[in-house]
Amino acid sequence: MADTTIDVRQAQFDDTEDIDRTEVRSYWQLARQRFVHHRLAVAGAITLVALIVLSLVVPAIAGDTLRVSASRSFAPPEIFNDEGDMTLAILGYSRTGYNIFGVLMAATGTSLMIGFAAVLIIVIIGVSVGSVAGFAGGWVDNVLMRVVDIALALPGLFIIIAFVAFWGASIWSIIIAIGITGWTLAARLVRAEFLSLREADYVQAARALGASPRRIIMRHMLPPAFAPIIVAASLGVADSVVLEAALSFLGFGISADQASLGTLLNVAFEYLNREPYLVLFPSIVLVLIVLAANFLGDGMRDALDPRQRVEER
Amino acid sequence: MTASARSGGPLLEIKGLKTHFFTQDGTVKAVDGVTFEIGHGQTLGVVGESGCGKSITSLSVMRLIERPGKIVAGEILLNGDDLLTASDEEVREIRGDQVSMIFQEPMTSLNPVFTCGEQISEAVQQHTSASSREGMDRAIEMLGVVGIPDAKRRAHEYPHQLSGGMRQRVMIAMALSTDPDLLIADEPTTALDVTIQAQILEVMRDLRQKNRMAIMLITHDLGVVAEMADEVVVMYSGKVVERGDVRTIFGNPHHPYTKGLLSSIPRLDERVERLEVIKGTVPSPYNLPTGCLFKRRCPYRMPICDVAPPYQVVGEEHASRCWLTPAGEAPDVGADASGEEAERAGELLTVEPR
Amino acid sequence: MTDQTTIAPATEEAGTQTSGGQTSAQRTAARGGVEGAPLLEVSDLVKHFDIRGGLLGVSKLGAVRAVDGVSFTVKEGETLGLVGESGCGKTTLGKVILRLIPPTSGTVTFEGKPLFDLNARQLKAARRDIQVVFQDPYASLNPRMSVGEIVGEGLFVHGMSNKHERESAVRELLKRVGLNQQHIHRYPHEFSGGQRQRIGIARALALRPKFIVCDEPVSALDVSIQSQVLNLLSDLQDEFELTYLFIAHNLAVVRHLSSRVGVMYLGKLVELADADQLYQNPKHPYTKALLSAIPIPDPTVRRERIVLKGDLPSPANPPSGCRFHTRCPMAQEICKTDEPPLRDVGGGHMSACHFAEDVTPLQARRSA
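Residue numbers (the working numbering), protein chains in the order written: chain A, 1109 to 1421; chain B, 97 to 450; chain C, 24 to 391.
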């Protein structure tokens, strides 16, 4: 009865065998495939992961050698010390006797943590503001965008400096300061994505099916909006790390007794005449972080939002 | 008058054209052995659906194919000169001068930062010794010829100030300003409303008559072909599957694809209860069938269709790429023939150059 | 709540492959429905889009009068075709009826209930009866969802929380639109345009609606695929007892499916009649020009050619009086000042023209 109709109907179309030839691949699986193709992006991802791992592992292993000690002044590079303990002092020791590599990795860890944490705050505020503005439209959008305009008009750098001066030069005050001054780009990106998605046919279809606004946002609008967010976030990490380094270098960031790439540069600058190489190492790490984050961001963007380009063999 | 016109030869001859795209996922044979010609002052309709290769054919004629595409074989003779062996310099001179092209989307074909008059004038100055003032005069003249009212004022306007129909007229004016022998129109009215389409087609009819201009009209709209073309070429998956005079193609089509296409479109003047259907879908270029490319969808399929069918003559000035005889029956060599026997029979029947 | 798992065909009629030579009225009667019972009534519907500018973007500079007072009724079981060119408002009209865009004024009544007065809960329930098929097969499916999730979303939203129930319902729907139900876990990018459109149709059918707005459902498809989808829509109409509002710009396509057709121009309905009547005996000069402009795929037919002069005026600034007067070959003085109402010019054939009676049918003849 119904089955013969369906068989006849399917025969009329008879066009789905091509599909069986390929494996089932979801959008995210395809994105991952595209990402993996992008060699620089993969290199960037590996570099960042390596830095994170090193920043956690090396200071733990180096242990005591992170502190100054006159007896180790200018000691040569080593992996194990005389007692046979692992120190990983592969860059040797400074004039004041601390494990250069160990301190470098500890500083990297601090800088990366500040970078990621600040970006997290940026994403939370930015996505909230942007999605509400983009979804609601009308006067809500207008008001929120004026708030963004005001936030942009205020001089971010000075606000951060003032914030840190007021709340003390701790890691958390820097994180929060960078976070609350840097969310405007993310908000605009999300808003733009939401505004265009509101008109997308599949969003309209979901509304026509009776889906609640919450479901529409969570299921249909946020996932595509994440593409620009992830890209902005990876670039944002680089920005935040450099910002912290600059502030700490100038003495406006975290205090010099805590190791971050910026404070290392601050100290190294003072000793430029006697130990010029001390400037080199934090700078190299900073460059690595920025390059890696940029390549990663590029790769993410191409993976999540590909332009249909026919790749040449 | 050109040499070929004097001798009575065709204006444009395309012989065995093959344009392939070399991609990561495989080679796409977008145009795979296409042969046809256009006579002086004649309008040839090139019909087909997406993926048939009609646009790529026209871009190949204009030598506008870019990587990863490449013209890998064939000849394109314009007035007897092979465009494919000509130097870049020579091709640039020919483009816009002897052969002009108009595209589907007038908004993206016109440069938004120049006025319409400037763009037409540029084309004129490129190919003649005209000065910029003379070029502008010619531009205003052409805008009038294509029926744009108040041409002098319009010439100083920018594309975004004009409607879609107007922009398409500007494109036609630009294409015709150098008095080309051949106009290639790639879906010129598809993006336009139907009443505007009627206006544009009327302009084209007027101009081809006045200038004795040949037109290669590429479209998927059979109605437009019926109204405008003298001869028709039907393309499918990169090959020509049928060619003939417009009345023959519409009144007595031979190839099952052409037949299927004609009977599946809803007609304004007739009403049927149920439309005929061509089952299945266009094959993926990465997964083409062996033998006849249409066989999976063909209601007349025979075992011999696993061997590539000959491009045979089925009537006066009428050819079709199919195993069926002109009368529509199984071929003499037998519907079950295969392998060498079938190939030999095919070679005897085919009129296409290898 | 009705049982969603078995989508059994409505009557024995569904067992037959074709609809034979029956008219839409006969088919509806065979189903036990009453054709003629109004299902959807649109009354004086207006939709203006404000053009804003000035400081802070608040001042209203003008309005795009996309739909400017349209009234019609769609009867149960019929297909009402709606045609027109760019800027005529047909797509906007469809979206307002679906309550995807808020109206400016006017009413739409569905089964006697005024759609614009419904609260959120009532609206959600009403949405089960009114569904939509969109034009663009590439934009109408969420690329991040599998086919099963897309087609089953409606079921989920309306309470079918059991995953297995949904899956079997979806499989059934996929079969009914001619797709291989084993592809339920695949993603839209693997399918062709025609197949995606069928997925969209399956999605629309999931909630067993009574009324479907088809917004240019075949315009983006290849010619040889269009007939497949049109036949499918026709078959499904019988199987599921559907009523269609079929919006398109291709008059030949509209004619094929519709029992009645309305022609829109610049936000107004200018003619509304039985499909055959409209095509053979148009009573509005715009309709006649439209019919004449469409190329017929038959080189032997020679028709009266009416080429309109000028461009389509902007809906933000429509002409005074009869909106068509600037391009109308029959325009007189009165047309510039008095807007003609949509009136009955004989046998239910409605036309908005002062001189409707003078419009002659399009001449056509076959040459050898």
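In case anyone wonders, no lab produced these hints; they're calculated from the structure.
One or more hints might be untrue.
Computed cross-link-like contacts, DSBU-like style, restricted to lysine-lysine with a CA-CA straight-line distance of at most 30 Å [claimed, not checked]:
1. C/Lys359 <-> B/Lys248
2. C/Lys198 <-> C/Lys147
3. B/Lys375 <-> C/Lys136
4. C/Lys136 <-> C/Lys198
5. C/Lys332 <-> B/Lys306
6. B/Lys375 <-> C/Lys233
7. B/Lys355 <-> B/Lys306
8. C/Lys198 <-> B/Lys391
9. B/Lys114 <-> B/Lys355
10. B/Lys248 <-> C/Lys233
11. C/Lys198 <-> B/Lys355
12. C/Lys186 <-> C/Lys198
13. C/Lys136 <-> C/Lys147
Covered by chain B, per the in silico footprint, the following chain C stretches (three or more residues, Cβ under 8 Å) [as the list claims (entries may be wrong)]:
14. 91 to 102
15. 239 to 247
C-beta: ideal position from N, C-alpha, C; glycine also.
* Hints violated by the structure (numbers, ascending) -> 3, 4, 7, 10 and 14
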